[in-house]
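J.: Residues per chain are reported as follows:
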Amino acid sequence: MRFTLNGKRARLDVHPMKRLLDVLREDCGFTGTKEGCGEGECGACTILIEGMPVNSCLVPAAHADGARVTTIEGLDGRHPLQRAFVDHGGAQCGICTPGMIMAAVALGRKPTLEQIRVGLAGNLCRCTGYSAIYRSIRRAR
Amino acid sequence: MLRDEPTLTPLAGCTDLYVALNFGTLKDTRFLDLWRLDRLRKIELRGGALSIGALATFTDLIRSTLVRKRLPMLAAAARDVGGVQIQNRGTIGGNVANASPAGDTLPVLAAADAVVVLQQAGGIRRVPFDGFYTGYRQTVRRPGELIVGIEIPPVRGRQFFRKVGTRAAQAISKIVMAGILGPATGSGRTARIALGSVAPTVVRVPRTEAALASGASIEAVQRTLMEEIAPIDDLRSTAEYRRRVAANLLARFVCGASRG
Amino acid sequence: MPSRSVGRSVVRKEGRGKVTGAARYIDDLTFPGLIHARTIRSTIPAGEIVDVAFGFDTSGFTLVDYRDIPGRNIVALIDDDQPCLAERLVRHVAEPILLLAHADREALLAADVRIRYREAVPTYDATTSPIAFKTIAIDKGRIDQGFREADVIVEGEYRTGHQEQLYIEPNGVIAVPEHGGVTVYGSMQCPYYVHRALKVLLDLPDDKVRVVQTETGGGFGGKEEYPSMIAGHAALVAIKAQRPVKLVYDRVEDMLATTKRHPAVIRHRTGVKRDGTLTAIDIDAVIDGGAYATLSAVVLSRGVIHATGPYRCDHIRIRGRATMTNTPPNGAFRGFGAPQTQFAAEVHMDRIAEALGIDPVRIREINALRPGDRTATGQRLGRDCSALAVLRETVKRTDFKRKWRAYARLKASRCLKASRYKEGGSRGIGLSLFFHGAGFTGGGEVKLASKASLALTDRGARILVASTEIGQGTRTMHAQIVADTLGVPYDCVDVNAADTGQVPDSGPTVASRTCMVVGRILQRCAEDMRERLGRLTPREYLKRHGPLVITREYERPTDMAWDDNSYRGDAYGTYGWACDVAEIEVDRETWEVKPIAFTTVHEIGKAIHPVLALGQIEGGSAQGLGYALLEEVVMRDGRMANAQLTNYIIPTTLDTPPIDVVILENPYKHGPFGAKGVGEMPIDGPAPAAINALRNAGFDLREIPATPERVMVSEKQEPRHALHA
Ligand SMILES: Cc1cc2nc3c(=O)[nH]c(=O)nc-3n(C[C@H](O)[C@H](O)[C@H](O)COP(=O)(O)OP(=O)(O)OC[C@H]3O[C@@H](n4cnc5c(N)ncnc54)[C@H](O)[C@@H]3O)c2cc1C
Ligand code: FES
Ligand code: FES
Chain A
83 MRFTLNGKRA RLDVHPMKRL LDVLREDCGF TGTKEGCGEG ECGACTILIE GMPVNSCLVP
143 AAHADGARVT TIEGLDGRHP LQRAFVDHGG AQCGICTPGM IMAAVALGRK PTLEQIRVGL
203 AGNLCRCTGY SAIYRSIRRA R
Chain B
979 MLRDEPTLTP LAGCTDLYVA LNFGTLKDTR FLDLWRLDRL RKIELRGGAL SIGALATFTD
1039 LIRSTLVRKR LPMLAAAARD VGGVQIQNRG TIGGNVANAS PAGDTLPVLA AADAVVVLQQ
1099 AGGIRRVPFD GFYTGYRQTV RRPGELIVGI EIPPVRGRQF FRKVGTRAAQ AISKIVMAGI
1159 LGPATGSGRT ARIALGSVAP TVVRVPRTEA ALASGASIEA VQRTLMEEIA PIDDLRSTAE
1219 YRRRVAANLL ARFVCGASRG
Chain C
12 MPSRSVGRSV VRKEGRGKVT GAARYIDDLT FPGLIHARTI RSTIPAGEIV DVAFGFDTSG
72 FTLVDYRDIP GRNIVALIDD DQPCLAERLV RHVAEPILLL AHADREALLA ADVRIRYREA
132 VPTYDATTSP IAFKTIAIDK GRIDQGFREA DVIVEGEYRT GHQEQLYIEP NGVIAVPEHG
192 GVTVYGSMQC PYYVHRALKV LLDLPDDKVR VVQTETGGGF GGKEEYPSMI AGHAALVAIK
252 AQRPVKLVYD RVEDMLATTK RHPAVIRHRT GVKRDGTLTA IDIDAVIDGG AYATLSAVVL
312 SRGVIHATGP YRCDHIRIRG RATMTNTPPN GAFRGFGAPQ TQFAAEVHMD RIAEALGIDP
372 VRIREINALR PGDRTATGQR LGRDCSALAV LRETVKRTDF KRKWRAYARL KASRCLKASR
432 YKEGGSRGIG LSLFFHGAGF TGGGEVKLAS KASLALTDRG ARILVASTEI GQGTRTMHAQ
492 IVADTLGVPY DCVDVNAADT GQVPDSGPTV ASRTCMVVGR ILQRCAEDMR ERLGRLTPRE
552 YLKRHGPLVI TREYERPTDM AWDDNSYRGD AYGTYGWACD VAEIEVDRET WEVKPIAFTT
612 VHEIGKAIHP VLALGQIEGG SAQGLGYALL EEVVMRDGRM ANAQLTNYII PTTLDTPPID
672 VVILENPYKH GPFGAKGVGE MPIDGPAPAA INALRNAGFD LREIPATPER VMVSEKQEPR
732 HALHA
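Chains as they are written, first to last, in the numbering used here: chain A, 83 to 223; chain B, 979 to 1238; chain C, 12 to 736.
Read the hints as simulated data drawn from the structure, not as lab findings. Just so you know, these numbers come straight off a predicted model, no measurement behind them. Wrong hints could be hidden among the right ones.
Interface residues of chain B toward chain A, partial, derived using beta-carbon atoms under 10 Å [to be verified]: (1) 985; (2) 992; (3) 994; (4) 995; (5) 996; (6) 1007; (7) 1009; (8) 1011; (9) 1057; (10) 1061; (11) 1116; (12) 1117; (13) 1126; (14) 1147; (15) 1232; (16) 1233.
Computed beta-carbon distance windows for the label pairs [to be verified]: (17) C/77 with A/97: 30 to 40 Å; (18) B/1118 with C/143: 22 to 32 Å; (19) A/158 with C/19: 20 to 30 Å; (20) B/987 with A/158: 31 to 41 Å; (21) A/111 with C/673: 43 to 53 Å; (22) B/1218 with C/143: 32 to 42 Å; (23) C/422 with B/1160: 32 to 42 Å; (24) B/1188 with A/86: 29 to 39 Å; (25) B/1218 with C/673: 33 to 43 Å; (26) A/197 with C/572: 55 to 65 Å; (27) A/92 with C/545: 35 to 45 Å; (28) A/197 with C/78: 38 to 48 Å.
The C-beta atom is built at its ideal place from N, Cα and C for all residues, glycine as well.
In isolation and in its complexed conformation, chain A is listed as follows:
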């Protein structure tokens, strides 16, 4: 398969049915994307395909073929959301954080609180009670 991963072209020889999550973690060495359930519920494995958030545990490798894929590593550590999650307590244990940030990236600039709540309803966090995540997103700049 060929795809653009975090802005770089990549070519891999993997089984087309392999979970994209495993391809990223095992074949590409990007372990920032986490697995919390493997059943599409927790959103810890959220990545962007063509800018749209999806659960990489439910995506076959074949569906990323030719696509633009972005993981937490693709934000380069300089994204305003990353800084804000540190400053405002959006990340506690951090296991939901990469998925949470990717889902937040997809919300675009200056989302309303309601847009954030709806947009992150597929990302479970057990540590924060979500409030600090909302603050992080709203104060990111």
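We have chain A already, so just place chains B and C with the ligands on it with the hints.
T.: Relative to the frame of chain A, chains B and C with the ligands by itself:
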């Protein structure tokens, strides 16, 4: 391709399929990937009917002005599915084919008298939604047949959709109801009502609809509904709860404000 | 003098790694030659193993059973009753029996092991179970006299279910055979618990076992004692295979097999004067320990000590029992017994108020503990008792009394016919007042004798503690305490990994003790270090005198006394105090309960790091609301029937209301900078606040979770429960 190999399992957004794969409950090993068939993603008007390609995702449904205008209850159902990640991948064809009694678009399609368009190498056949499901997770779809689209004839009347899930989002339905309340006829109202999670398949409730049309009191209609459905106790809820909520939702729909 | 960091929200130590994906959790790690392990578990709740058959070609596999255990076949903890691998007897579903390992995960998953059993009759009812792991009696005054003084007696029975910790990162470890011993890396709260368990299991000396905590994706108590089990398994395989072994649970296995919060049945019988004064509190609490003792004894202990709630009463009798059932062992979960007993106490308190016809605030004002009062164990409270302060602040902030009356009136006047099938639902507002002892119970801290070390570095100091960072901010908060005490900038304090090969045993990361107890030991290390430095900078000191490491041990405050036999004395060094108000709306057609507002006032001594403290309070409150309204473990035939995230329901963004937090600070004299504990307390209050709000809306519940199905049925119940004495 399916004709040569009818044992291939079609695969769309994989939001059901990969859960089964990850749990090891899916034994199939050979798949036919539909995801790239963009022509099956179209939402358009065809001969007066709203035609939705099987690969239209929940996000596509939510964003479609056609759907929002013609069938707002379908947009409402799509909005209540999973979270954004699931909406971006899950397809209406997958929802219909998966045949779960809790599938959220199914009551909408049942109430709207939708038609399932099936295609095989030999050709196309159209199956009315009412006749599509034959039992728990059973449909009339033959091996080798694909769902290519759903057609929904024009709908007149007030539409209603309500999902009662296990929580506010990312939830499986404990009960889900869709309905269309038509114009008054004589003393009663024509109504088409369908429910999910109250029987082995999504169901229409013809006796309840008839009671409504006959102008019976709402209490009588509710009683009919409670007899007509056959919910069970399971992990997610109880039969009694489902029965009483079904009756309440029906009353809210028939007597209540314009919500829906 | 650098600016102080305590009280400021400095950048958390490991924050950057967590937001960039660079932080390494156990499943992100691998080792050369790594193989994967899988646990074969019992499928019956009680019985004996008759035989084991392998339905696959075992070549290429490493197989481990109890016969491969070099030391004692136990998970060493308190009672040492739990085998690491079942030998013959099986006491619960999902009990580990065998371990398989293979380099190829597919092959591993495909391996088919068949076990035949002789089944026995299981016990599921904790209240009638004949086996008790622990019983506790607390007596204060004379209960008979208390009841004689009462005008009214109010009785009630309250039930709470299991709760799954549901850290988003499942349990996992990697064991690496090394130097004739083993090193275990893993997701855990208490490296030294694991260390001790491995020594016993493997019959190895201290220095042959090394345990290293990796970045941990949440614990909440769920990674307190369980990692000793999974680490034991991985270590056994690693030693037999002489290869690194990864054992990471998937979500289903984690839910099926690991510990949960103890379900409880708690009975209250309370004597009260017509003016609202409590005269007698009689409580009987039973918690379901599951199949093995694990931590049940201490969970029970904390539970019963908190069972009265933060109220004064001269005559108290409390009886507690932790019993055995044939279900997977229950264990530590944030709150540790106190959420169960304070749920009962606070729902009961509203019912007492109702029986007397006074409002929920008044009954609490009359009876709340004040400085100088004595608790159930006879502990005299100092000036850092803040029950009234948190109550008054919460009530004022939420306009509680007005809303409570308005909703109660609405409920009374609600004409069902008229209001039915219209928009909106029934609203209610509820309150809970609660407290939480910080640190280990009773003499626990003395027995632990925790140590902490501080090593001088070029720039400042390096913290050496076994306290783990599991999201709550241990590293950051410890560094703040050391930085300010030593007088160096926060950035100049580093924190060593929690690695038993490098750090001393600071005790477990539990019981809200990490800041108050371990933080205090570190503060003393820093004080000593500062003295040693004198006028020298760290760099100068190192040049002149060479390395400097200071180690200090826990010192019991001289004003504390506890007697474990009579259960009397100072149960905790201090308590945090809090009050919650929940406002809910019940859908009249579906009985769905939506929390619409949540306010909590927490008095925690000192917020070392306000953002971290806030995070603990918000997160604990949300977990508490899940406990109250959504989270239900369905046990069928001793097996968790809903062991998937899709069926075990925790709150999403849309289920969690905005949480309004106020932090009050009333310093504890023995805490670092006045800090008490904050980690657990937030989870004690939301459930009773929510249930009391439901009562205000017209729904009488005595059991959580208040699922719509239960709310529906509760509407029918008669609101009569006061017996007149
Ligand atoms: C976390 C989570 C939340 C969810 N929430 C909801 C929810 O709220 N409501 C709800 O209704 N569902 C929900 N689902 C289920 C799922 O998302 C839907 O059923 C979705 O519509 C399935 O579509 P898909 O394209 O992903 O199907 P796939 O998983 O690709 O396929 C599902 C089944 O349909 C078959 N199939 C798919 N397309 C076709 C076709 N065109 N022709 C013939 N057969 C086909 C496949 O062979 C397979 O058997 C959820 C799932 C997850 C994981
Ligand atoms: S791991 Fe993919 S959603 Fe949980
Ligand atoms: S920060 Fe721990 S799960 Fe979100």
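J.: Checking against the hints above, which ones are violated?
T.: The structure conflicts with hints 1, 11, 12, 13, 15, 16, 18, 24, 27, 28, although it agrees with all the remaining ones.
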